[in-house]
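Number of protein chains: 2
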Amino acid sequence: MSKLLIVGTVAFDAIETPFGKTDKILGGAGTYIGLAASQFGINSNIVSVVGGDFPEDYLEMLQDKNIETTGIEIVKEGKTFFWSGKYHNDLNSRDTLETQLNVLAEFNPIVPEDYKDAEVVMLGNLHPSVQMSVIEQMSTKPKLIVLDTMNFWMDNTLEDLLEVISKVDVITINDEEARQLSNEYSLVKAAQKIHEMGPKYVVIKKGEHGALLFNDENVFFAPALPLEDVYDPTGAGDTFAGGFVGYLSQTKDFSFENMKNAIIHGSNLASFCVEKFGTERMENLTKKEVYTRLQQFKELTQFDIELS
Amino acid sequence: MSKLLIVGTVAFDAIETPFGKTDKILGGAGTYIGLAASQFGINSNIVSVVGGDFPEDYLEMLQDKNIETTGIEIVKEGKTFFWSGKYHNDLNSRDTLETQLNVLAEFNPIVPEDYKDAEVVMLGNLHPSVQMSVIEQMSTKPKLIVLDTMNFWMDNTLEDLLEVISKVDVITINDEEARQLSNEYSLVKAAQKIHEMGPKYVVIKKGEHGALLFNDENVFFAPALPLEDVYDPTGAGDTFAGGFVGYLSQTKDFSFENMKNAIIHGSNLASFCVEKFGTERMENLTKKEVYTRLQQFKELTQFDIELS
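Read top to bottom, the protein sequences are chains Y and P. The first sequence runs contiguously to residue 308 in full-length UniProt numbering. The second sequence runs contiguously to residue 308 in full-length UniProt numbering.
Among these hints, one or two may not hold up.
Copies of the same chain are indistinguishable here, so a pair counts whether it falls within one copy or spans any two.
[To be verified] Straight-line Cα separation of at most 25 Å, DSS-like style, residue types lysine-lysine; simulated pairs:
(1) Lys-24 x Lys-143
(2) Lys-288 x Lys-76
(3) Lys-143 x Lys-193
(4) Lys-3 x Lys-141
(5) Lys-189 x Lys-276
(6) Lys-288 x Lys-116
(7) Lys-298 x Lys-206
(8) Lys-79 x Lys-287
(9) Lys-141 x Lys-200
(10) Lys-3 x Lys-65
(11) Lys-167 x Lys-298
(12) Lys-298 x Lys-189
(13) Lys-86 x Lys-189
(14) Lys-21 x Lys-189
(15) Lys-24 x Lys-76
(16) Lys-276 x Lys-288
(17) Lys-200 x Lys-252
(18) Lys-189 x Lys-206
(19) Lys-167 x Lys-252
(20) Lys-298 x Lys-276
(21) Lys-287 x Lys-21
(22) Lys-288 x Lys-298
(23) Lys-86 x Lys-167
Treat the hints as calculated values from the structure; they're not laboratory data. On a predicted model such as this, the values are computed, not experimentally measured, just so you know.
Using the sequences and the hints, build the whole thing.
Written out as structure tokens, the structure is:
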């Protein structure tokens with residue numbers, strides 16, 4: 001069975017949407033990626049850092065889902081990274097109310113010895129030099145390195161970001177960020193330019209409008225499932241990425257054809273994530289629910305035009 | 001072979017986009033619908049009105065494509081409807097620079113005798129009382145009536161609009177208009193409410209983000225084909241509708257399953273429409289081009305997850 005190494009924040013979030021607000025709850029890219037990937041019965045480990053205030057219960061919940069937490073450093077005298085945000089009425093945009101970097105400010109990722117040969121590495125959204133450090137610690141060249149990033153790093157650490165982008169196989173990025181990074185409005189042209197920066201595959205996330213997968217000659221599109229109610233978009237992009245790498249780790253097939261399936265699995269899991277606040281829905285998701293919704297995805301997208 | 005009756009504007013447009021501008025060229029919903037539907041080798045006729053300034057060449061071009069123009073009234077002493085608009089840089093929004101209703105102001109649609117038994121009726125975006133008049137002139141109940149409309153009629157003639165909506169089988173409407181009409185933000189809920197107003201099928205057009213097809217229990221999604229260059233979005237929605245009704249007229253199968261295919265054909269044709277200014281691309285489209293791009297649509301959307 002493949003090993004999946006995840007690097008990403010494990011954090012506290014406080015979220016406000018038009019449908020309610022939460023106190024400090026479990027959050028972070030690493031957490032969402034891990035929870036989504038855990039659906040695929042693989043071995044995974046999260047490289048992250050938390051403070052002495054981080055509840056043991058949360059770590060146990062992850063371990064119960066077969067996510068190893070030996071990569072999560074606990075800085076006893078420090079405090080866990082905290083983010084709070086408020087979503088606008090359409091849920092497509094949000095304001096950050098508060099960011100406390102805390103222990104994340106001096107995060108020095110340490111890859112556990114038994115994951116230095118992981119076949120798949122998922123670099124969650126973090127400082128590009130942290131992402132690079134993880135790549136450099138691998139003892140065996142991973143079969144697949146997937147990188148997620150955001151506009152903040154393009155604005156502030158572009159040189160570091162371009163260096164790590166040049167080392168990865170897949171980049172996941174949202175549409176506005178793809179335009180910013182490439183200076184192209186057309187997403188087809190943006191993907192071509194980003195492809196030339198290194199990644200063989202470019203995944204452009206469009207939120208409620210789905211996701212596109214490009215390589216140098218093909219393109220595939222997965223819609224987001226139309227939902228009656230969306231309560232909280234937090235973590236949807238990370239859940240998507242976690243489903244994507246989880247499925248690829250399970251199947252060990254890194255072809256474009258199989259990445260199509262991985263994109264569908266990622267979209268499928270993301271459709272659950274947004275149905276409740278924080279990680280609640282992902283913590284309690286059953287195999288049957290996942291399967292039923294995959295059938296809905298098929299009905300949503302598959303048609304029967306004969307082309308002889 | 002089915003007969004398709006189209007009602008819609010046949011007009012002059014002057015268009016400005018970031019990529020160029022045109023003089024007065026051929027436009028109008030009826031024109032775009034007719035050109036798209038003509039791809040399916042059916043009998044069609046456009047009910048419309050033009051002025052004495054409308055070039056005979058344009059009518060001949062339509063006739064050459066097997067689109068009957070006996071429904072297009074020519075008011076010799078009048079002038080043809082004229083619209084001019086300027087698109088913003090992202091092509092997703094536009095300003096109307098000028099609208100001259102001209103002969104459209106007193107348009108009294110007359111359905112040609114030999115189309116009063118048409119199996120399929122496409123009511124292009126027009127005053128709801130014009131749309132209603134066409135329905136009332138039919139001698140035989142059509143197998144399928146499709147209605148397109150826009151926010152202008154919701155703002156100004158809502159009562160008339162709701163009456164015609166209650167008489168049709170399919171409504172096509174964009175996402176913002178669906179929200180306005182239903183007072184629901186979620187498109188799933190919006191479609192349910194619009195469904196309750198009468199139409200068995202609700203098509204929500206999302207422009208570059210594709211289109212959704214709903215009936216009371218199913219949903220299907222067709223993406224827009226990601227394009228390197230979009231020059232002019234004018235007519236894309238009408239081309240989509242024309243492909244939709246053209247395919248349904250050809251196949252005479254009005255099931256949800258076949259409507260999925262119709263939505264794909266509509267999206268496919270719309271992807272050509274935007275590649276050149278005005279009707280140019282649609283006038284010169286070959287069967288081979290259409291077929292090749294349908295294959296691209298399959299590659300774009302079809303995946304292979306086994307669900308036993």
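For which of the previously enumerated hints does the structure constitute a violation, in increasing order of number? 1, 2, 6, 8, 11, 21 and 23
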